[in-house]
Each structure stands twice: as structure tokens, then as C-alpha cells.
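*Asks:* From first to last, the protein sequence lines are chains E and B.
The opening residue of the first sequence carries number 1 in this note's numbering; numbering runs sequentially from there.
The opening residue of the second sequence carries number 1 in this note's numbering; numbering runs sequentially from there.
Hints are computed from structural coordinates only; laboratory data are not their basis.
Check the hints yourself; a few may be wrong.
[Said to hold, decoys possible] The following label-pair restraints were derived from C-beta to C-beta distances:
(1) E/Val254 - B/Ile179: 36 to 44 Å
(2) B/Lys126 - E/Met41: 18 to 26 Å
(3) B/Lys126 - E/Leu175: 52 to 60 Å
(4) B/Ser163 - E/Phe16: 20 to 28 Å
(5) B/Asp71 - E/His49: 32 to 40 Å
(6) E/Lys61 - B/Ser111: 19 to 27 Å
(7) B/Lys126 - E/Lys61: 29 to 37 Å
(8) B/Pro232 - E/Phe42: 19 to 27 Å
(9) E/Leu20 - B/Pro232: 20 to 28 Å
[Unchecked claim] Looking from chain E toward chain B, a few residues come up when the C-beta cut is under 7 Å (computed):
(10) Gln135
(11) Val141
(12) Met142
(13) Ala201
(14) Asp204
(15) Ala206
[Unchecked claim] Derived pair list, reagent style DSSO-like, types lysine-lysine, alpha-carbon separation capped at 30 Å:
(16) B/Lys115 - E/Lys43
(17) E/Lys43 - B/Lys117
(18) E/Lys232 - B/Lys115
(19) B/Lys52 - E/Lys29
(20) B/Lys182 - B/Lys62
(21) B/Lys77 - B/Lys52
(22) B/Lys117 - E/Lys232
(23) B/Lys77 - E/Lys232
(24) B/Lys85 - E/Lys43
(25) E/Lys43 - B/Lys77
(26) E/Lys43 - B/Lys226
(27) E/Lys232 - B/Lys85
Beta carbons: idealized from backbone N, C-alpha and C, even for Gly.
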Amino acid sequence: MITKLQTYLKDQIEEFGAGLLEAVDGMGKITQFGGRIMFWMFKRPFRFHLFFEQLYFIGNKSMTIIFLAGLFTGMVFCTQTYFGFKLINVDSLVGSIVAISLAKELAPVLTGLIVAGRAGSAMAAQIGSMKVTEQIDALEVMGINSVQYLAVPRVIASTIALPMLSIVFLFIGNLGAYLIGTTTLMIDDAMFFSKLSEFMAVEDIAQGVIKATVFGFVIALIGTYFGFQVEKGAVGVGRGTNLAVIWGMVSVLVLDYFLTTFLVKIL
Amino acid sequence: MLTFENPAISVKGVTKIYGEQTILNDLSFDVERNKITTILGFSGAGKSTLLKHILGITQPTKGTVEVLGQDLTKLDKVGLREFRKNFGMLFQYAALFDSFTAAENVGFPLSEFTKLKPAEINEKVKDLLISVGIKEESFNRLPSELSGGMRKRVGLARALALSPHIMLYDEPTTGLDPITTKMVNNLIVDTAKNHKDREMTSVIISHDVKATMEISDYVAFLDRGKIIEYLPVEEFRNSDKELVQEFLRL
């Protein structure tokens, strides 16, 4: 019995250790890949049409889902906050609390998670399927740097699109909170705005924008990295896409903590 | 073993080791200019690895690869990319960009590497596609809307767009029906003939014996990372190597 338990524990620890080593190795490789992207980002030729295509795909095409997520997040958060604050008679602060939470946390993080799920997976799938059908080899044989052609426009577009989407999320979230607060929860209109302008600062928005910019870079970096790693046909494409989403989402959440601790000190 | 005075490609003592596996084993051979040379061999013999060495995509563990007099092992990544403009390649499954139409696929290298105006590119694309037998109504079709044979033709037109000096074919007839196979073979021969005046050397990686015998000038047989036979096509049929004869009988 004890031997079995020992063996089980040993296996579990080994498995955990192997997973940890794999994760560290993966992070190292992604960082290296990021270095290559940064290097090629500033080299000619600059393919602006590819950048705008990606900006349209990541930005415009994500707008509907960002709109819906922002609206309902604002409405739900306003409702929850209202009932909590009402117990201690500070319901007049609902508007400002919702706005600050959205600006600093909810807008960049939820936008990051949505884009990681939508665009990060698409990047891995597109590049991965190009890899297994030799389209990337075709680019290289023509003398075109595949990283510069495929990864660089996606990374730049995502880095620019994400803060924009986050601001849209923030605006729509506040709109949702305002609508539900003033029509259903009967918070005073003037009070809602006066407290909002009293407590909300530009630094709060700046914090969210900086976070979203970093998330945008990392999500595209991870999406394109796993696309280039794809092997073994359709199964490989599925695996790469899956990993891109998992790593993208986890990175957003982990980075959020570190960015928060850093940004609260400097802003 | 055949040697040539001024070969288009010269592989000298190339060994490639992946982990503990030796894929190419002290391999040496020359490819004569302006001729069609086919490399035959069983699956896993090292044909694709050899092709990657000729393209400079893979660097040898030992040895050198010279193409048009340039030692590829001495070029850095940027130099290699620049040098690859001398190559055209027809991939096994054509490797067309699936979000581009047939015409866009062919026009892609022209818009990337030449200063031609869009109207001039369109004109050249049209000429190239017609030269490989693609009708105008198919110009704006996506690869998914083209048959296997048509995809190969478009792939060939794209490979020829920059008038390469070395044309590589990776299993060009794999998975094609006999009629399309014949069409692709004719296309390879015609391409080599039509471009002879400004120098074009063709290298084919294949395991299609019948097609090889029909279109090649020289045939090499690769086995376990080594060229074990390399002869003009008419002599290759009568090779005294048992493995070659076995392969020819398949």
C-alpha cells in the first residue's frame, strides 16, 4: 500500500516537473521568437497592406463581441456593486467604482481574453495550416522571410488593435452600467456622473491602455509562435490552435498581476 | 559516378545527422547545367533532405553544397534568401497560397521582387498561366476550386515567374491520375526546353520510375543517404546494381 502511494506520488511529482520544464522551455522559445519578430519589424520591406488586413481582422471583426461583452459586463457589474453598496449606503459611488474597475482591470483583461480566443487561435490555425501545406516553405523558397511576412504584421496589428478595443469595451461597459443604473436601479443621473468625474483619473485609463497594449503583443506573439510550431497535419493544427488559446489566456491573466503591481507604483 | 566540368549543383561530401540518425552519409554528386536530373529512391532515403540542402534551407553537418558556383554553406541567412531567387520550385501538392486566386499566386513573386507596374504584372501573369495551359476563366479561381492538375500548373507558373536558373520538382506526379501525370511530365520537358536559351537546370525528386525514364537526362539513385548509382537515363535502365533493378521492376 505504502509502496503504491510512493510510486503514485513519485509519478505525480515527475509529471509536474516535466510539465514545468516544458513550460519554461516554451517560454524561452517564445521569447526568442519575440526577439526575431522585433528584429524583422524594423527591416524593409514594410508590407503595410498586410498590417491593415490584420488590423481589420483583429480590430473591426472583434467589434461585435467586444460590444456585447462590454455592455453586459457593465450591466452585471453595476447591478452587483449596487446591491453590495446599498447595504452600507454608498450606492452613489457605483458609477465611479464600475468605471475605475472597467478601466483598470475588466476592459483590458476581458478584451485580452476575447482576442486570445478569437484572433490568437485564428493566427495559429492560419499559419499552422500554411505550414502543413508547405505554403511557408514556398515563401522561404521564394526568398521571403516567413516570420517577417506572416508574424510581424499580425503582432503589430494586435498591439495597436487591443488598446483600441479595450477603450471601446470601457466606453460600452460604462454605457451599460449607466443605462441599468439610472433606469432599473434608480441611481440619480447627476450623482452617477459627478462621482465618476470625482474619482476617475486619466491614470486609470492609462493603466488599462498600457495593459491592453502588452496583452496585444503577447497574444499575437503566442498565436504566431504556435502556428509556426505546427507539425503533423490537421491534428497538429488543432493542437497548435488549442495551445495558442491556452497560453494566450493564461499569459493575459499572469501578466495582469505583474503589470498591476508595476503600474500602480509608477502611475 | 558522373562528374561535370561546370556543374549547376555540386554536392561535396555532405553528411547530415539529426540526433543519432544519419540522413545523408558523405554524399557527393554533380548536376549538369541545362539538363533534367532525377533523384530516385525509396521513402526515407533522404531525397527531401537533399533537396533542402540544395535550397540552403538545411545546412549540412559536414560537407559543402555549391549552386551556380556559390557555396551555400558560406552564406548567412540573408544571403541565402537572396540567393534563393535563383530557384523555382514545384511542390508536391503545389503549395499555392490558399487565400490568393490562381492569378494572384503567380503574380505574388513578381509584386514582391520586381518593380513592374500592376498592369505589366497582370500581362506577365496572363502569359505565364496560358503557357502552362490554364484558361482565362480559371485565373480568378481560388486553389480550392482548382483540380490537382490545375494546381500543379499554377504552381509551375508561379515557380517560373522570376525566370529561375534552377527548377526543382518535389514528387511532381505523386497522387495524380495517368493523364494528368503525362500532362505534368510534358510540362516539365517543355519548361526545360523553352528556357534552355537562358539556362535552366531541372532537378526532380521522384519515385515514379516510368515518368523518370521518359523525361530525365540523368538519373541518380539515393539509398540510405548515399548516391549508389548515377548515370545517363539510357544507361540507368541497365544498371548492374541489384537494388536499382529491384526498384525499376516495382
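*Asks:* Of the hints given before, which are not true for this structure?
*Replies:* Numbers 1, 2, 4, 8, 9, 13, 14, 15, 18, 20, 22 and 26, in rising order.
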